[in-house]
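Residue numbers (the numbering used here), protein chains in the order written: chain A, -6 to 483; chain B, 1354 to 1577; chain C, 213 to 311; chain D, 47 to 371.
Hints are supplied without guarantee of correctness; some may be wrong.
Claimed, not checked - Sample of chain D residues lacking proximity to chain A, with all beta carbon distances greater than 12 Å (derived): (1) Ala131; (2) Ala142; (3) Asp186.
Said to hold, decoys possible - With a straight-line Cα cutoff of 30 Å, these simulated DSS-like cross-link-like pairs (lysine-lysine) come out: (4) Lys283/A with Lys305/D; (5) Lys365/A with Lys99/D; (6) Lys99/D with Lys461/A; (7) Lys1478/B with Lys221/C; (8) Lys221/C with Lys1449/B; (9) Lys461/A with Lys1471/B.
These are calculated hints, taken from the structure and not from any lab test. Quantities reported herein were computed from a predicted structural model and do not represent experimental measurements. Heads up, the beta-carbon is just placed ideally off N, CA and C, and yes, glycines get one too.
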Amino acid sequence: MIRIELLTPNGHLFSSDTYNKLFTMHGVVMIFFFLIPSIPAVLGNFFLPLMIGARDLAFPRINLLSWYLLVIGGLFAIFAMLAGGVDTGWTFYTPYSTTYSNTWVIATALGIFVAGFSSILTGLNFIVTIHRMRAPGMTWFRMPLFVWAHYATSLIQVLGTPVLAVTLVLIFCERVFHIGIFDPALGGDPVLFQHLFWFYSHPAVYIMILPAMGVISELISVYSRKPIFGYSFVAFSSVAIAVLGFLVWGHHLFVSTQSFFAGMVFSFLSYFVAIPSAIKVFNWTATLYKGSISFETPMLYAFGFIGLFTIGGLTGLFLACLGIDVHVTDTYFVVAHFHYIMVGGAIMGYLGGLHYWWPKMTGRMYPEGWAKLSALVIFLGFNLTFFPQFILGYLGMPRRYHTYPSEFQVLHVLSTAGASVLAVGYIIPVIYFIWSLRYGAVASSNPWGATGLEWRTPSPPPVQNFEKIPVVTHDAYDYSTTIGEVIEVG
Amino acid sequence: MASEAHAETLALREQFDTAAQQKDVATLGMWIFLITEVMFFGGMFLAYTVYRSSYPNVFARASSSINVYYGALNTVVLICSSFTMVLAVRGAQLGKRITTIVFLGLTLFLGLVFLGVKAFEWGEKFHEHHVPGPGFHLAGVPPGLQGQAQLFFSLYFAMTGLHALHMVVGAGLVITMMWLTYKGRFTAEYMTPIDITGLYWHFVDIIWIFLFPLLYLVDRHMGK
Amino acid sequence: MTQHIDSVKTYALVFIALVFLTLLTTAVAYVDLGPFSPVVALAIATAKMLLVALFFMHVRHSTQLTRLVVTGGLLWLAILIFLTLADFGTRGWLGVPGR
Amino acid sequence: MGPLPLFPQEASSFAPDVDHLLYYLLAVAVFFTVGIFLTIFYFAIRYRRRSDKELPRFVHTGMTLEIVWSVIPFGLAMVMFTWGASIFFNEGRPPADAIPIYVVGKQWMWKLQHIEGQREIDELHIPVGRPVRLTMTSEDVIHSFYVPAFRTKEDVVPGRYSTTWFTPTKPGKYHLFCAEYCGTNHSRMIGWIYVMQPQDYQNWLNGGSASGSMADSGQKLFQSLACGNCHHPDGRGRCPSLVGLYGSDVLLSNGATVKADDSYIRESILQPDAQIVAGYQPIMPTFQGLVTEEGVVQLIEYVKSLGKPGPPVTATPQQVTAPHR
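Bound-form chain A, shown alone:
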């Protein structure tokens, strides 16, 4: 929808207000209600206990509660959308969000607040589970990397989300009671809001990407039948990303009138995040070396992930670089960059993981041919959509523009065309996944010849996950133990 509107420079389809509400809801819904919960809530909740050999998470009731909270939060957001929408952008910058916007900021903020609690509780549950519920013999360095990635993610959720929560509470108070903590008319500082907001929202990017990285580590290993190269480096790089991710939020504020020195410090620290990210990419690539590589659908997604994440990550360096960032911040360059990370990274990881574990979750296989086709369509559509936006950004096209000067039109048309291809790519899996639930071939307990504990139990798993808690005697990804059991996929 957004892309169609941007086909023409003057925007005939909607009014500016509608456009502003659309991109705000797109941001809010995608980030807070899809990307942040997607992998942890769907794949994590299901497989984390399985992978460490536990019967369930440490607090199943809290887990249920966190699901209800997410639904309630979602209802608030939907209410806000139906009641008239909200037009502040997902960033809720003050004083626009507190004083000037006449839209449903409060309902949306409440929705995010509630969903935030859901996220905190999920993180809390995972940390405790990983610390205390591992099966006998499942030492820290025998854990699958998916679990490591979730551990790092949970740290961020637990430490970062409360700060967003309190920020939203203050926004809420400011709108309802007019107490004005960020109100410049009283001497308040809107830049303080940005600090509080990005303290959460920068690490939140890693909440989205880390679980996807965990998925990719699993996929690369299984489909090349080799242990991940540099296991401990990949494991620790997850934690390093989580920790360093908290030190760099100020790179969103280079032109926000934050002090020059703070800009220097944040830019410097930002480059440290690049290192663990680079380590991961290099190690994944090295894992392929002398492997036994098969090209099932999840592996295609894994390749797509590495490619897109590499581009997304490297363009991140541009944004961390003070001199360049001044020019490209708040332009389509940023839009392209974070879509490469979030869509190219997080969603590719999610789809890869979904395909990989689909047989385990449902006991059915999906149609391989269609799946490969859609993986290809998504990859091409994605690049066509977002690559032109890098160029647009460097040309100076600001983000969140409903109308734009005509010289940018060609690139916008390309991008919109890409978006249509991308949409087709996303619709295909929805159709065949539903189809497979009924008509898919019945899956064996271990169709891929994988090593994780989740494959040592029937598909789908029984209520208590395992008939008998397994005892772990090998490192993760020791394929000598499973190779004999490989069963042909129907």
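For chain A, the structure is supplied; the task is to place chains B, C and D on it using the hints.
Positioned in the frame of chain A, the structure of chains B, C and D alone reads:
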């Protein structure tokens, strides 16, 4: 939220192997939850730090207008309640039902005293036009700086308000614990919920320990 | 996990110390210590926090992991505050408004 | 449909610097992207699975390799940091002889004032080859002053001043965008920067219908608000004299010293009690709500016109050493 953290029953829940593991897990979960609370209040402490360092004089003046006796009284009341709470936990550890209930009752009473004093204090603020909003006025602060004084009171109400909200939740927990103890649900071996309620209560106390000097005691010597 | 049960006497001593520190911090607020006023106030508050955490919350007897969680949490709070002050504290160093 | 531009115009002294840095970053990015793509393709084909029973040999993690591929990117990144920071440093230090322009952002327009008195809306005329310094503030929400061809952008924040500067190098007409989302008509808060030959610029200045310089307007405002009743030029009034104030160091009643820059004067007008000059009483009323942001900058220009502090007259030593290109 916290009420869920100790919702296990006496029976060992199916996902655990041993009672020790179950207790350990619950305690760890509560501590992590408290850390999220630290970060939650941390955001406001940050806002406070920034504005106090920007407007030290106005903050001193505004702080001096609050009645220090209420603050000090409430601090002592809360410390007393923490003391009774720890004795209640001790009673539960020893398996003494009556002791536990009595001390939980005292804790609850002190908690309610705290909230009562707080309510009274807030009432006075409304009376004195010290509540942020169009009617705000703080005597002794020049007109151009009323906004900054209002910032102080915005923080005052936001921080004490959220703290009071936590107190209300805590009081609810204590009542639940009293009821469960009365029903004989706890033994010397299994009293994790009381233990965890205690942790929560003490945490709320700690927050107040910081709020008191930060809100009530800013350079009192200057404000006079 | 073995249970440690502290004596009532220990708790009572901690309680008295806490009340004493409360009175102390109130009294000190009326003394002009210049820039050290907030430092002293926060030092006393931190001491009180330690007393409550170590004794009332049994951190003294707790596992390594719990201590790690507590120190980690405080460290993160410090990150939040110090890095933000890295901005607010250095504004105007260039002598150009907004830099 | 329009043409297909792939690279923005370079029209300020910063633009080539930023673009050179971009080339470096692009080179690094392309190198790694292509390298990783090719390696993956090669491995994927070379080591494809040939039989279902195949079990590859375990390859041990090479510590040296891990260190090498951590250190090299880090080195490259540090080059990026240093290079980027040095550009940023220059962008943060306007030269002393820059032409001052005052900018007030407002939903959804840019209001600009030249010290000669010309006022413009959504347009800015400047001469080529001279540094221009913008002092900016907002009347409502946060905006951001963005000129892609100059590679400069800085947020415009209500309640305070922000600064940016550039030296245009090519005459022409360039886009001005608001780059911080500011509400319904954010995408229409755009304008044009006209970079002119010095002579054309002079003609433009002379041809305008300006009603006197900013300092003149400021003086009128000063009189209409009766500021002079207290602020006597000889310093014998109830309030400090403003002659020679701008740029001087002011001793405050709490013992601290502040430099009397734009932000200080703005604060003194709107929140006079925040910083009291040593030896004076806090009797000045606030002018919050009585003076617009545009009025405030006119008053600042007026104060400036009352003279600079004693020698060195033109600039403080720090400003003299500022890099000026």
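Hints that the structure is at odds with (numbers, increasing): Numbers 1, 3, 4, 7 and 9 - these are the hints that the structure violates, sorted from lowest upward.
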